[in-house]
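A.B. asks: Sequences listed follow chains A and B, in order.
As numbered in numbering that gives the first Met the number 0, residues 0 to 440 make up the first sequence, in order.
As numbered in numbering that gives the first Met the number 0, residues 0 to 80 make up the second sequence, in order.
Hints were generated in silico from the structure; no laboratory data involved.
Every residue, glycine too, gets a C-beta built ideally from N, C-alpha and C.
Certain hints may be false.
[Claimed, not checked] Here's a subset of chain B near chain A, in silico, CB distances under 8 Å, partners left out:
(1) Pro33
(2) Leu39
(3) Asp43
(4) Met44
(5) Leu51
(6) Leu55
(7) Lys63
(8) Thr66
(9) Gly68
(10) Gly71
[To be verified] Computed beta-carbon distance windows for the label pairs:
(11) B/Trp34 to A/Ala125: 38 to 44 Å
(12) A/Gly335 to B/Trp34: 20 to 26 Å
(13) B/Trp34 to A/Ser212: 21 to 27 Å
(14) B/Trp34 to A/His404: 44 to 50 Å
(15) B/Trp34 to A/Lys34: 25 to 31 Å
(16) B/Trp34 to A/Phe331: 23 to 29 Å
(17) A/Thr347 to B/Trp34: 51 to 57 Å
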Amino acid sequence: MAADKRIGGALAAAACGLLGTAAPRLSIAAEPEGKWDIDTAFLFYGESDDRVKDASLTGLAIRNYGDDRKLSLGLTVDTLTGASPSGAIAASRPQTFTSPSGKATYSTPAGEIPLDSSFLDTRVAASAGWSQPFARWYTFNAGLDISTEYDYQHLGLNAGVTRDFNQRNTTLSLAVALGKDKVEPVGNVPVPFAQMTDAVDDDGDVGNRGADSEDKDVLDVLFGVTQVLGRHTLLRVNYSYSDSSGYLTDPYKILSVVDPVTGEPIVRTPPPGVEGPTGVYLFEHRPDSRTRQGLYTELRHDFSGKVLQVGYRYSTDDWEVDSHTLEGRLRFPLGGNSYLEPHLRYYTQSAASFYRYSLADGAPLPEFASADARLADLDAYTVGIKYGRQTSGGNEWSTRLEFYHQAGKAPSEVLIGNQVGNTLMPDFDAVILQLNYHFRL
Amino acid sequence: MNRKMGRLAGGFAGIVLVLASTSLSGCSSLGVKPWEREVLARDDMQLDANPLDTSLDDHIYFSKEGTSGGRGFGGGGCGCN
Chain A
0 MAADKRIGGA
10 LAAAACGLLG
20 TAAPRLSIAA
30 EPEGKWDIDT
40 AFLFYGESDD
50 RVKDASLTGL
60 AIRNYGDDRK
70 LSLGLTVDTL
80 TGASPSGAIA
90 ASRPQTFTSP
100 SGKATYSTPA
110 GEIPLDSSFL
120 DTRVAASAGW
130 SQPFARWYTF
140 NAGLDISTEY
150 DYQHLGLNAG
160 VTRDFNQRNT
170 TLSLAVALGK
180 DKVEPVGNVP
190 VPFAQMTDAV
200 DDDGDVGNRG
210 ADSEDKDVLD
220 VLFGVTQVLG
230 RHTLLRVNYS
240 YSDSSGYLTD
250 PYKILSVVDP
260 VTGEPIVRTP
270 PPGVEGPTGV
280 YLFEHRPDSR
290 TRQGLYTELR
300 HDFSGKVLQV
310 GYRYSTDDWE
320 VDSHTLEGRL
330 RFPLGGNSYL
340 EPHLRYYTQS
350 AASFYRYSLA
360 DGAPLPEFAS
370 ADARLADLDA
380 YTVGIKYGRQ
390 TSGGNEWSTR
400 LEFYHQAGKA
410 PSEVLIGNQV
420 GNTLMPDFDA
430 VILQLNYHFR
440 L
Chain B
0 MNRKMGRLAG
10 GFAGIVLVLA
20 STSLSGCSSL
30 GVKPWEREVL
40 ARDDMQLDAN
50 PLDTSLDDHI
60 YFSKEGTSGG
70 RGFGGGGCGC
80 N
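This is chain A alone, in the form it adopts within the complex (with noise of 0.2 Å):
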């Protein structure tokens, strides 16, 4: 590859790898002009226990038509299988839950956590966009992306300016996103803190659900200042600020109602010949919005052909989740034509202001409350291992394994008579497995 390219390569992705997932693929500006430039990549994504498994097609076009205007294209069909906890906690004794159609139900053995078995969905989703330089200093992009599952649809906008200082060692950047996504829950929308009902038959109606479909909307804008160190060395702060507005409830979520002073789920018997949830189950209600900071940090650094990169990320949010996550990985050629690369990330988070374990039987509702763990107190990690290998005709074959281990917390103010230094929370542990193919048509 002629180094002229590769220096052109690196301004533009120096600026414009600030502008979001969309932008910075066409910022890799390496390819040569009038070839499309092809990213190809399979994921499988498994979790301990029989929950979530997930496999996916990912493909990135990228076509330079000269003068670093370029077009991307981008289609991922992803498919999820498996169980994910409803967010019920687990009993002495067996539980039965009627699943989120309202129309059948699933079991939990006593002593664990409750999963929703019927968790099933096919994702595809596709992306475009333009990039190009205008005037001197400054270039351009716009995307678009759309996104489709049975039960939930995504479109998305942005665009982004990038202006460059300093013999372009110095590149600020401003992007905004808008998106506008629509939640079709199976069984329609259920109402907030009701009432899981029994199991109705294929024609009967479901209990305490409401419309067929919420919308959500979604505000992301990101300022951004990439800064050359010296040769060897590349810096990228961002600050982004996002507001989502709507729908934020997640309508499979449920909390157990317990009983104050055991902290056991309250037993409720189904009606005779009928099958339904052998507990109280109240839906989970979320606000209406949230608003959330971050700051990235990234820097890369070579050491006489090691690639060090180091990021860290801080986020806060009015809901009271803030995060800290800590990533690294360092690049070693194995001889001209292939790389080793291992990765460490860090990850935690302090709980929802209403996330609860459970609620306490007959004591007033919470003005909000969620029971799903992604929102209590939160510690992960993830090891992994790349190695990647340029063929003679240029084109380079990657692959990676990862593990991935997630544990959660409830904090002990939310929990309820013999609950505290008793709770058992949906821990699990993943492997991510990725292989790419990258080419040139």
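Put chain B on the given structure of chain A with help from the hints.
C.D. replies: Leaving out everything else, chain B in the frame of chain A:
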């Protein structure tokens, strides 16, 4: 936006402005000349050298953790969170 968020917004905006102004003025001595970009121009020194890995990771963590984003606009458009 509550008071804490307001303070944080002010803090963040301050950090970014300081970085921006530092980069644009005092640190104009930072950086390299155009002919010193050989290392920075390598594919493996690009800030988003592996866009597919990045977007797939963003999607996984968006689905499994309570916060996401920051690097770019990744992970959105999914009913998984």
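A.B. asks: Take the hints in turn and mark each one as holding or not.
C.D. replies: Structure-based check of all given hints:
no. : hint                            : result
1   : Pro33                           : holds, 7 Å
2   : Leu39                           : holds, 5 Å
3   : Asp43                           : holds, 5 Å
4   : Met44                           : holds, 6 Å
5   : Leu51                           : holds, 5 Å
6   : Leu55                           : holds, 5 Å
7   : Lys63                           : holds, 6 Å
8   : Thr66                           : holds, 4 Å
9   : Gly68                           : holds, 6 Å
10  : Gly71                           : holds, 4 Å
11  : B/Trp34 to A/Ala125: 38 to 44 Å : holds, 41 Å
12  : A/Gly335 to B/Trp34: 20 to 26 Å : holds, 24 Å
13  : B/Trp34 to A/Ser212: 21 to 27 Å : violated, 58 Å
14  : B/Trp34 to A/His404: 44 to 50 Å : holds, 47 Å
15  : B/Trp34 to A/Lys34: 25 to 31 Å  : holds, 27 Å
16  : B/Trp34 to A/Phe331: 23 to 29 Å : holds, 28 Å
17  : A/Thr347 to B/Trp34: 51 to 57 Å : violated, 44 Å
When the structure is compared with the earlier hints, violations turn up for hints 13, 17 and for no others.
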